[in-house]
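Trainee: Spelled out from the first residue to the last, the chains are:
Number of protein chains: 2
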Amino acid sequence: MAATKARKRRSSYHHGDLSNALVRAAIDLISSENSEQITLREVSRRVGVNHRAVYRHFSDLTSLLAAVAEQGYGELLATLQHALATLPAGKGVPKLAARRMEALAIAYVGFAFDRPAHYRIMFGRRMNEDGRFPALEGAALKAYELLQSELDAGVATGEFKDRPRRELVFGFWSLTHGFASLALVRRIKLKRTFVEPYVRQIVGPFIAGL
Amino acid sequence: MAATKARKRRSSYHHGDLSNALVRAAIDLISSENSEQITLREVSRRVGVNHRAVYRHFSDLTSLLAAVAEQGYGELLATLQHALATLPAGKGVPKLAARRMEALAIAYVGFAFDRPAHYRIMFGRRMNEDGRFPALEGAALKAYELLQSELDAGVATGEFKDRPRRELVFGFWSLTHGFASLALVRRIKLKRTFVEPYVRQIVGPFIAGL
DNA sequence: ACCTGAACACCGTTCAAGT
DNA sequence: ACCTGAACACCGTTCAAGT
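Protein chains in written order, with our numbering: chain A, 1 to 210; chain B, 1001 to 1210.
The reader is advised that the hints may include incorrect statements.
Okay, derived cross-link-like pairs now, DMTMM-like style, lysine to aspartate or glutamate, Cα gap no bigger than 25 Å in a straight line [unchecked claim]:
{"no.": "1", "chain 1": "A", "residue 1": "Lys-95", "chain 2": "A", "residue 2": "Glu-196"}
{"no.": "2", "chain 1": "A", "residue 1": "Lys-142", "chain 2": "A", "residue 2": "Glu-70"}
{"no.": "3", "chain 1": "B", "residue 1": "Lys-1161", "chain 2": "A", "residue 2": "Glu-196"}
{"no.": "4", "chain 1": "B", "residue 1": "Lys-1161", "chain 2": "A", "residue 2": "Glu-167"}
{"no.": "5", "chain 1": "B", "residue 1": "Lys-1191", "chain 2": "A", "residue 2": "Glu-129"}
{"no.": "6", "chain 1": "B", "residue 1": "Lys-1191", "chain 2": "B", "residue 2": "Glu-1075"}
{"no.": "7", "chain 1": "B", "residue 1": "Lys-1161", "chain 2": "B", "residue 2": "Glu-1145"}
{"no.": "8", "chain 1": "B", "residue 1": "Lys-1095", "chain 2": "B", "residue 2": "Asp-1162"}
{"no.": "9", "chain 1": "A", "residue 1": "Lys-189", "chain 2": "B", "residue 2": "Asp-1152"}
{"no.": "10", "chain 1": "B", "residue 1": "Lys-1189", "chain 2": "A", "residue 2": "Glu-70"}
{"no.": "11", "chain 1": "A", "residue 1": "Lys-189", "chain 2": "B", "residue 2": "Glu-1036"}
{"no.": "12", "chain 1": "B", "residue 1": "Lys-1189", "chain 2": "A", "residue 2": "Asp-152"}
{"no.": "13", "chain 1": "A", "residue 1": "Lys-189", "chain 2": "B", "residue 2": "Asp-1130"}
{"no.": "14", "chain 1": "A", "residue 1": "Lys-191", "chain 2": "B", "residue 2": "Glu-1137"}
{"no.": "15", "chain 1": "A", "residue 1": "Lys-189", "chain 2": "B", "residue 2": "Asp-1162"}
{"no.": "16", "chain 1": "B", "residue 1": "Lys-1142", "chain 2": "B", "residue 2": "Glu-1070"}
{"no.": "17", "chain 1": "A", "residue 1": "Lys-95", "chain 2": "A", "residue 2": "Asp-114"}
{"no.": "18", "chain 1": "B", "residue 1": "Lys-1189", "chain 2": "A", "residue 2": "Glu-137"}
{"no.": "19", "chain 1": "A", "residue 1": "Lys-191", "chain 2": "B", "residue 2": "Glu-1145"}
{"no.": "20", "chain 1": "B", "residue 1": "Lys-1189", "chain 2": "B", "residue 2": "Glu-1036"}
Residues on chain B that point at chain A, a partial pick, calculated with CB under 10 Å [said to hold, decoys possible]:
{"no.": "21", "residue": "Arg-1046"}
{"no.": "22", "residue": "Val-1049"}
{"no.": "23", "residue": "Glu-1167"}
{"no.": "24", "residue": "Leu-1168"}
{"no.": "25", "residue": "Leu-1182"}
{"no.": "26", "residue": "Tyr-1198"}
Please keep in mind that the hints were generated in silico from the structure rather than gathered at the bench. Even for Gly, the Cβ is constructed at its ideal location relative to N, Cα and C.
Start from the sequences and build out the full structure, keeping to the hints where you can.
Mentor: See the structure below:
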């Protein structure tokens, strides 16, 4: 049974598909409740190839994790964009920029709650310290730029004070990332259901100070 | 040479000293530039005992790491207290509470910069998720209470708005922890020298919103 | 009571080989 | 070009034994 499955699968890895299959398997692995850690050997087992085959497509485990993280940043960006798009507000609403920042914060923390293992890899030490993976840097930058353009908009309408943009973005990101991190290690105890009201209160002082 | 050293040391582990020696060795290990990871085997090697001896004092690797983390929370608390004690201000200074919160933020991030590996263990996943280690919870709580009493003081003088205290503390903690984390994984690039001015700008909006 | 030795089931990675 | 097998140097942990 298992052998047949592996054989069938393997036939499709002759056209550069293995690379994607490995990344998908790795994401599946950490998305399932029971398994938290990505190992090179477990991922290749799931795909049905010898673990050495991975090295044909990724120079090491860290490279594979970087691909997973890159995909994660893409998902995060989509989540944030979706949160803005579905915001009920129209124009002329008072404090629109503040409400948009709030929606971003809620969506950000929600993402970390929904994909904890993925989030941890994205912000883990392995691939972030050196700028080894340009595609990863690019994906992270896009999320950064989304935050920046929102803050820009708030400053443009005069709703936010005109402070150095970089510090505003990093401040907001630090706040949401810090909250998500503390919640994931359960230093802050919080059920998924209460993310929305809680985040609102947490970011309250920050947004009020913009 | 190495054998003599190990022998000499070992003679003192008959009175419950091994436990402390292991924790100290683990902290030494992560404090030295070259080594980032604590392994049970490396720690026991440094102390000069068989790696199995560790299990006499710690039920597993995680327990040893929890002891390291607990010590870290103690150091962090001392760092924060010291920052408040050496703050040049006297009474009657305007915005005293804000300046004290700022000093705490700077000291907090500075600690993470100075002891990165230690900080990572303190906020790592291994021992925080379940409340397995009451001593660790207690040490973390003391740091929490320091922040809370500062915010209380600010509210008492009317300098800060009277919001739910828990949200204020978690907000401040999220902000400083998030900034420290992002800096440690180099998503925020920052030299140790610039921690002070940078943190001041980052926490600016938050403190202004208190 | 406290420590050790050998063994087990895992890792990531290297070298040399198979098709 | 793409994948495999055997081997290496590491892990944490268990079992049974030494003093």
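Trainee: None of the hints should be skipped; say for each whether it holds.
Mentor: Evaluation of the provided hints:
1. Distance hint between Lys-95/A and Glu-196/A is fulfilled; the C-alpha atoms sit about 18 Å from each other, no more than 25 Å.
2. The suggested pairing of Lys-142/A with Glu-70/A holds, with an alpha-carbon distance near 11 Å, which does not exceed 25 Å.
3. At roughly 22 Å between alpha-carbon atoms, Lys-1161/B and Glu-196/A fall within 25 Å of each other, so this suggested pair holds.
4. Proposed proximity of Lys-1161/B and Glu-167/A is supported: the alpha carbons are some 24 Å apart, at most 25 Å.
5. About 14 Å separates the Cα atoms of Lys-1191/B and Glu-129/A, which keeps this hinted pair within 25 Å; it holds.
6. Between Lys-1191/B and Glu-1075/B the CA atoms are separated by roughly 22 Å; this keeps the pair inside 25 Å, and the hint holds.
7. For the hint linking Lys-1161/B to Glu-1145/B, the alpha-carbon distance of about 19 Å falls within 25 Å, and the restraint holds.
8. Taking the CA atoms of Lys-1095/B and Asp-1162/B, the gap is near 16 Å; set against the 25 Å cutoff, the hint holds.
9. Note on Lys-189/A and Asp-1152/B: the hinted pairing holds, with a Cα-Cα distance of about 22 Å set against a maximum of 25 Å.
10. Restraint check for Lys-1189/B and Glu-70/A: satisfied, since their Cα atoms lie roughly 19 Å apart, inside the 25 Å limit.
11. Taking the CA atoms of Lys-189/A and Glu-1036/B, the gap is near 29 Å; set against the 25 Å cutoff, the hint is violated.
12. Straight-line distance between C-alpha atoms of Lys-1189/B and Asp-152/A comes to about 22 Å, which keeps the hinted pair within the 25 Å bound.
13. For a cut-off of 25 Å, the pair hint linking Lys-189/A to Asp-1130/B stands: about 11 Å separates their Cα positions.
14. Taking the CA atoms of Lys-191/A and Glu-1137/B, the gap is near 19 Å; set against the 25 Å cutoff, the hint holds.
15. Using a Cα cut-off of 25 Å, the hinted pair Lys-189/A and Asp-1162/B holds, with the two alpha carbons roughly 23 Å apart.
16. Restraint check for Lys-1142/B and Glu-1070/B: the C-alpha separation of about 11 Å stays at or below 25 Å, so the hint holds.
17. At roughly 29 Å between alpha-carbon atoms, Lys-95/A and Asp-114/A are farther apart than 25 Å, so this suggested pair is violated.
18. The suggested pairing of Lys-1189/B with Glu-137/A holds, with an alpha-carbon distance near 13 Å, which does not exceed 25 Å.
19. Restraint check for Lys-191/A and Glu-1145/B: the C-alpha separation of about 23 Å stays at or below 25 Å, so the hint holds.
20. At most 25 Å may separate the alpha-carbon atoms for a hinted pair to count; Lys-1189/B and Glu-1036/B meet this at roughly 20 Å.
21. Among the interface hints, the one on Arg-1046/B is violated; its C-beta lies about 23 Å from the nearest C-beta in chain A, farther than the 10 Å criterion.
22. Look at Val-1049/B: its Cβ only gets to about 29 Å from chain A, farther than 10 Å, so that hint breaks.
23. For Glu-1167/B, the shortest C-beta to C-beta distance to chain A is roughly 4 Å, which falls under 10 Å, so the interface hint holds.
24. The restraint placing Leu-1168/B at the interface with chain A holds, with a minimum CB-CB distance near 7 Å, inside the 10 Å limit.
25. Because the closest C-beta pair between Leu-1182/B and chain A is about 6 Å apart, less than 10 Å, the hint holds.
26. Annotation: Tyr-1198/B was flagged as interfacial toward chain A, and the flag holds, the nearest CB pair being 8 Å apart, inside 10 Å.
This entry does not satisfy hints 11, 17, 21 and 22, going by the numbered hints stated previously.
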